[in-house]
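J.: Spelled out from the first residue to the last, the chains are:
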Amino acid sequence: MITPFVSVVVLVGITLSILLSAYRALRGPTIPDRVVALDNISINLVAAIIVISIRAQSALYIDVALVLAILSFLGTVAAAKYLLRGKVIDGSPLHTRRPG
Amino acid sequence: MVTRLFFNIILAFAWCLLQDEISLRQFVIGFLVGLSAMLFFPRSFHQERRYFRKVTLSVQLVFFFVKELLIANWTVVRQVLAPELKIQSGIVAYPLSLQNDVLITLLANMITLTPGTLSVEVAPDRQFLFIHFLDVDDVEEEIRIIKDGFERYLLLIAQ
Amino acid sequence: MEVPYILDALVSVLLLLGLFFLLTGTFGLLRLRDVYARMHATSKSTTFGVAGVVLASLFYLRYLGLSSGLKEFLIIVFLFLTAPVGAHMIARAAYRGGVSLWQGGVVDDFKKWLETSQE
Numbered sequence: 001m002i003t004p005f006v007s008v009v010v011l012v013g014i015t016l017s018i019l020l021s022a023y024r025a026l027r028g029p030t031i032p033d034r035v036v037a038l039d040n041i042s043i044n045l046v047a048a049i050i051v052i053s054i055r056a057q058s059a060l061y062i063d064v065a066l067v068l069a070i071l072s073f074l075g076t077v078a079a080a081k082y083l084l085r086g087k088v089i090d091g092s093p094l095h096t097r098r099p100g
Numbered sequence: 001m002v003t004r005l006f007f008n009i010i011l012a013f014a015w016c017l018l019q020d021e022i023s024l025r026q027f028v029i030g031f032l033v034g035l036s037a038m039l040f041f042p043r044s045f046h047q048e049r050r051y052f053r054k055v056t057l058s059v060q061l062v063f064f065f066v067k068e069l070l071i072a073n074w075t076v077v078r079q080v081l082a083p084e085l086k087i088q089s090g091i092v093a094y095p096l097s098l099q100n101d102v103l104i105t106l107l108a109n110m111i112t113l114t115p116g117t118l119s120v121e122v123a124p125d126r127q128f129l130f131i132h133f134l135d136v137d138d139v140e141e142e143i144r145i146i147k148d149g150f151e152r153y154l155l156l157i158a159q
Numbered sequence: 001m002e003v004p005y006i007l008d009a010l011v012s013v014l015l016l017l018g019l020f021f022l023l024t025g026t027f028g029l030l031r032l033r034d035v036y037a038r039m040h041a042t043s044k045s046t047t048f049g050v051a052g053v054v055l056a057s058l059f060y061l062r063y064l065g066l067s068s069g070l071k072e073f074l075i076i077v078f079l080f081l082t083a084p085v086g087a088h089m090i091a092r093a094a095y096r097g098g099v100s101l102w103q104g105g106v107v108d109d110f111k112k113w114l115e116t117s118q119e
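Residue numbers (this note's numbering), protein chains in the order written: chain A, 1 to 100; chain B, 1 to 159; chain C, 1 to 119.
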C-alpha cells in the first residue's frame with residue numbers, strides 16, 4: 001500500500017506548482033501572462049481535488065473537480081473576451097465576420 | 001451522414017436498454033452491432049459502405065491523435081527541461097485545404113492540444129490557419145507534417 | 001481498504017506521472033520567454049497531468065465500487081474539449097492586444113496578414 005504515501009507527495013508537488021504559478025501571475029509582465037498563470041493554478045487545483053478524492057476514498061470530490069474545471073474554462077473565456085473588447089458581455093460575436 | 005450517425009446512436013441506446021445496463025462498454029458494443037446491422041440492410045449499399053469507411057477512419061484518427069499527443073508531449077517536456085533554451089518560435093500561415101467549419105474547428109483543436117503547436121487565428125475566408133510553433137526549424141516541413149497527418153484524415157472523412 | 005498490489009502500483013505510477021507533467025507545465029510557465037511559448041507548456045502538459053491524476057482516481061474508485069467512472073471520464077473529455085478553445089482565445093486576444101513575440105522568433109506570417117487585411 002504505497003498509494004496513501006504517494007498521494008501526499010503528489011499533493012505537496014501540486015502545492016509547489018501552484019505557488020510557482022502564483023509567482024508568474026503576480027510578476028506578469030503582460031495581462032495574458034497572468035491569465036495563463038491563473039488558468040494553470042485552477043487546473044492544478046482540479047488535480048489536487050482529485051488526489052484528495054483518492055485519499056478520502058470518496059467520489060463526491062469528483063463533482064467538485066468537474067464544477068471547478070467548468071468555472072475555470074468560463075473564467076478564461078471571459079478574460080479573453082475582456083482583453084479583446086474591453087467588456088465581457090457586449091453582445092458582439094467573438095469571431096471575425098466571414099465575408100459573404 | 002449525420003442522419004446515419006444519429007440512427008446508429010439510437011441503435012446503440014436501444015442495445016443498452018435491451019441489456020438493461022447503460023454503460024460505455026454496452027454503448028460501444030451496441031454501436032458496433034448497429035453498424036453491422038446497417039451494413040446488412042442498406043438503403044443504398046454504396047452509401048452504407050461509405051459510412052462504414054468514415055467510422056473506421058474516425059477510429060484511426062483517434063489512435064493517430066493519441067500517438068501524436070504522446071510523441072509531441074515528450075518533445076515539449078524535453079525542450080522545457082533542457083539546460084539551455086534553444087527554441088525558435090514563430091507564427092506560420094498554414095494554407096487550409098478543408099472548407100467545412102466543423103472540421104476546421106476540429107483540426108484547430110487537435111493542433112492546439114498537440115504540444116508544440118497552437119492555433120492563433122483562422123482567416124475569415126478560410127484560406128489560412130495561423131499556427132504558433134514552439135520550435136520551428138523548417139516551415140515547409142512543419143506544414144507538410146500537418147498536411148499529411150491530421151488534415152489528410154479529416155479530408156478523407158469530409159469526402 | 002485493501003487493494004491488490006498491481007492496482008496500488010498502477011495508481012501510484014499514474015499519480016506520479018500526472019505530477020511530473022503538472023510540474024513540467026509550471027516550470028515551462030516560469031521559464032519560457034513569451035506568452036505564446038508559455039501557453040505551450042501549460043495548456044498541454046497540464047491537460048496531460050490532469051488526465052494522469054483523473055485516470056488514477058478512475059481506477060482506484062472504480063475498484064472500490066465508489067464510482068462508476070463515468071464522471072471521471074467526463075472530466076477528461078471536457079478538459080480535452082475546452083483546453084484548446086481557451087488557449088486559442090487567449091492567444092488570439094494576446095496577439096490582437098499587442099503582445100509581441102519574443103525577438104528570437106524566426107517567422108511571423110500573422111503580422112503580415114493582419115497588416116494587409118486591415119487596409
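These aren't lab readings, by the way, just hints derived from the structure by calculation. Hints are supplied without guarantee of correctness; some may be wrong.
Pairwise CB distance ranges, derived in the manner of DEER restraints [stated by the list, open to error]:
id	chain 1	residue 1	chain 2	residue 2	range
1	B	39	C	76	18 to 24 Å
2	C	100	B	67	32 to 38 Å
3	B	125	A	4	56 to 62 Å
Note that the Cβ used here is the ideal one computed from N, Cα and C, for glycine as well.
J.: Each hint should be assessed against the structure and marked as holding or not.
T.: Against the structure, the hints come out as follows:
1. 39(B) to 76(C): 18 to 24 Å: Given a distance of about 31 Å, which is not inside 18 to 24 Å, the answer is violated.
2. 100(C) to 67(B): 32 to 38 Å: For residue 67(B) against residue 100(C), whose Cβ atoms are near 34 Å apart, the range 32 to 38 Å holds.
3. 125(B) to 4(A): 56 to 62 Å: Check passed, 57 Å falls within 56 to 62 Å.
Going through the hint list in order, the structure does not satisfy hint 1, though it satisfies all others.
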